[in-house]
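The listed protein sequences correspond, in order, to chains W and U.
Using our numbering, you'd call the opening residue of the first sequence number 5 and step up by one each time.
Using our numbering, you'd call the opening residue of the second sequence number 8 and step up by one each time.
Keep in mind the hints are simulated off the structure, nothing from the lab.
Quick caveat, the model's predicted, so the values are computed rather than measured.
Among the hints, erroneous ones may be present.
[Claimed, not checked] Quick look at which bits of chain W chain U covers, simulated, 3 or more residues with Cβ under 8 angstroms:
no.	stretch
1	166 to 174
2	178 to 184
3	218 to 228
[Unchecked claim] BS3-like, lysine-lysine: derived pairs with alpha carbons at most 27 angstroms apart:
no.	chain 1	residue 1	chain 2	residue 2
4	U	K86	W	K96
5	W	K166	U	K30
6	U	K134	W	K102
7	U	K227	W	K98
8	W	K98	U	K71
9	W	K102	U	K30
10	W	K98	U	K30
11	W	K166	U	K86
Just so it is clear, CB atoms sit at the ideal spot from N, CA and C, and this is done for glycine as well.
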Amino acid sequence: MELCSFLTLDSFITDPLTHGFMRKALLMSSLVAAVCGFLSSYLTLKGWALMGDAVSHSVMPGVVVAYALGLPFSLGAFIFGVGSVALIGFIKQKSRVKEDTVIGLVFTGFFALGIVLVSKIKSNIDLHSILFGSPLGISLSDVKQTIFISLLVVILLSIYRKDLMLYCFDPRHAKTVGINVFFLHYLLLTCLSLAAVVGLQSVGIILVVAMLITPGATAYLLTDKFDNMTIISVLSAIISSLIGIYISFWFDLETGGSIVLAQTFIFLFAFLFAPRYGIFKLKKFFAGYKG
Amino acid sequence: MESINYQNFRIDAENICVDYNGKVALYDANLRLKPGQICGLVGMNGAGKTTFFNALTGFVNISKGKIRINGESLRSAQKDQTIAYVPQSEGIDSQFPINVWDVVMMGRYGSMNIFRCPRESDVQAVKDAIERVDLTDHLSTPIGNLSGGQRKRTFLARAIAQRASILLLDEPFSGVDIRTEKLISELFIQFKNEGKTILLSTHDMIHVREFCDLVLLINKTVVAYGETSEVFTPENITTTFGGISPDFLFGPES
Numbered sequence: 005m006e007l008c009s010f011l012t013l014d015s016f017i018t019d020p021l022t023h024g025f026m027r028k029a030l031l032m033s034s035l036v037a038a039v040c041g042f043l044s045s046y047l048t049l050k051g052w053a054l055m056g057d058a059v060s061h062s063v064m065p066g067v068v069v070a071y072a073l074g075l076p077f078s079l080g081a082f083i084f085g086v087g088s089v090a091l092i093g094f095i096k097q098k099s100r101v102k103e104d105t106v107i108g109l110v111f112t113g114f115f116a117l118g119i120v121l122v123s124k125i126k127s128n129i130d131l132h133s134i135l136f137g138s139p140l141g142i143s144l145s146d147v148k149q150t151i152f153i154s155l156l157v158v159i160l161l162s163i164y165r166k167d168l169m170l171y172c173f174d175p176r177h178a179k180t181v182g183i184n185v186f187f188l189h190y191l192l193l194t195c196l197s198l199a200a201v202v203g204l205q206s207v208g209i210i211l212v213v214a215m216l217i218t219p220g221a222t223a224y225l226l227t228d229k230f231d232n233m234t235i236i237s238v239l240s241a242i243i244s245s246l247i248g249i250y251i252s253f254w255f256d257l258e259t260g261g262s263i264v265l266a267q268t269f270i271f272l273f274a275f276l277f278a279p280r281y282g283i284f285k286l287k288k289f290f291a292g293y294k295g
Numbered sequence: 008m009e010s011i012n013y014q015n016f017r018i019d020a021e022n023i024c025v026d027y028n029g030k031v032a033l034y035d036a037n038l039r040l041k042p043g044q045i046c047g048l049v050g051m052n053g054a055g056k057t058t059f060f061n062a063l064t065g066f067v068n069i070s071k072g073k074i075r076i077n078g079e080s081l082r083s084a085q086k087d088q089t090i091a092y093v094p095q096s097e098g099i100d101s102q103f104p105i106n107v108w109d110v111v112m113m114g115r116y117g118s119m120n121i122f123r124c125p126r127e128s129d130v131q132a133v134k135d136a137i138e139r140v141d142l143t144d145h146l147s148t149p150i151g152n153l154s155g156g157q158r159k160r161t162f163l164a165r166a167i168a169q170r171a172s173i174l175l176l177d178e179p180f181s182g183v184d185i186r187t188e189k190l191i192s193e194l195f196i197q198f199k200n201e202g203k204t205i206l207l208s209t210h211d212m213i214h215v216r217e218f219c220d221l222v223l224l225i226n227k228t229v230v231a232y233g234e235t236s237e238v239f240t241p242e243n244i245t246t247t248f249g250g251i252s253p254d255f256l257f258g259p260e261s
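Start from the sequences, fold in the hints, and give me the full structure.
The structure is reproduced here in structure tokens:
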């Protein structure tokens, strides 16, 4: 019966829009995707994928504590996100343990703390929605918070767009010409924590790192210009979100997982067919065909 | 009593020490360079050449000693765009999605407003710099598509666009083609005449003889420093390279 209803493309797209929660989910997820996609170019070029994973998992106890205390969940998440990075830096400096090991053990520690806290603080926290996201059930106060944080991150990234690019590309030159590298480092970390906070509502804590790296990786295969990379990254993130939500609606699938899978498929497509950097090197193929 | 006028020195590093988490990378190093001097920095891998550069750019903090640039602090030298650093080829991500123009424009960032909007003068500086390194045909080429020599010239253009009076070059001649090598050596002579001060690290002993007025031999600390003709002796080089004879380093001819 469901299958019959999208025999026409038109109803496939418009039917879900008749539901208020779907309109909200589509809008909010697109916003979140755009923010994460924007940041994604920087993270993939800086090589901070693991850092993104660490920060996004580490915000878990912050979210739980904030909910329990009735504070905005973004505040708790932010504190624990930045705190985890500080702790990683501290342990790395004071011990002989290698960095990736330190990152792994710190974020799993934080994540475990979050899970334990959820089981102890018997409140109305829905573990499932934290872990896997719940874009369809997002509350009004969460909507406000998400819009506020998203705007903040977009403004920060827009102002420091070029400085952050320089920081990712050649931090030593930045330092040499008197640009505050320390500030840029923490600015990027702050944006990472904030993006993780908004991203987790869409796809949940476990998968939010995909929102932060996959669009950037896809764009990296498609262009040699930084500005284009940012645009492609944002667009691919938004498109994946829309596709993911529609598919989850029609086939009754987990929304967060569908969004991330859509991103992964777009990446695979770029991986195979990117004109210059794809497996099939289509640009060369067509150049040869014409010649 | 002889009073030293620090203004005379472009670079004045006094007893500087750098350590990374308790591991000493460089200690009690001194260097004084005047305008128009070219100094070669020679030492083994791990002898502290890059650390020396890092200290002079402020990329690492020195644990002891003093660095004055044109008689002022490193901090104000950074603000004044006095020092330019030209990285080693391995020191940069050549796959970064950026083209020649944008890299050279980064040389102007320090003197732009917070949004880094290029003014007319910035555009002109970048144009001129790219022309001087002969890359005008490659303005919008991504750096990943350049040859090693072209990429080296791109970063040299960035230093030129910055209008720095001190240039620090990490292995400027490694992995470059003959044409680039010739162009760089011509530029060195121009820089010298413009009164710029150059500190370059190199593995190639012939380049030291050819370009450098002064040479600084280091192995965690200064082994020898002075006029190339006086200091660049087989004995000193042997000491610097931990007992390997200069015959081996120079090849049989010299």
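Verification of the supplied hints:
1. 166 to 174: holds (count 7)
2. 178 to 184: Coverage by chain U holds here, the residue count being 6 at a Cβ distance below 8 angstroms.
3. 218 to 228: Holds, because 3 residues of the stretch 218 to 228 of chain W bring their Cβ atoms closer than 8 angstroms to Cβ atoms of chain U.
4. K86(U) <-> K96(W): With Cα atoms ~31 angstroms apart, K86(U) and K96(W) exceed 27 angstroms; violated.
5. K166(W) <-> K30(U): Measuring from Cα to Cα gives roughly 35 angstroms; hence the hint is violated.
6. K134(U) <-> K102(W): This hinted pair is violated, its Cα atoms lying about 44 angstroms apart.
7. K227(U) <-> K98(W): 24 angstroms, holds
8. K98(W) <-> K71(U): With Cα atoms ~21 angstroms apart, K98(W) and K71(U) stay inside 27 angstroms; holds.
9. K102(W) <-> K30(U): 17 angstroms, holds
10. K98(W) <-> K30(U): 13 angstroms, holds
11. K166(W) <-> K86(U): This hinted pair holds, its Cα atoms lying about 18 angstroms apart.
Comparing the model with each numbered hint stated earlier shows that hints 4, 5 and 6 do not hold.
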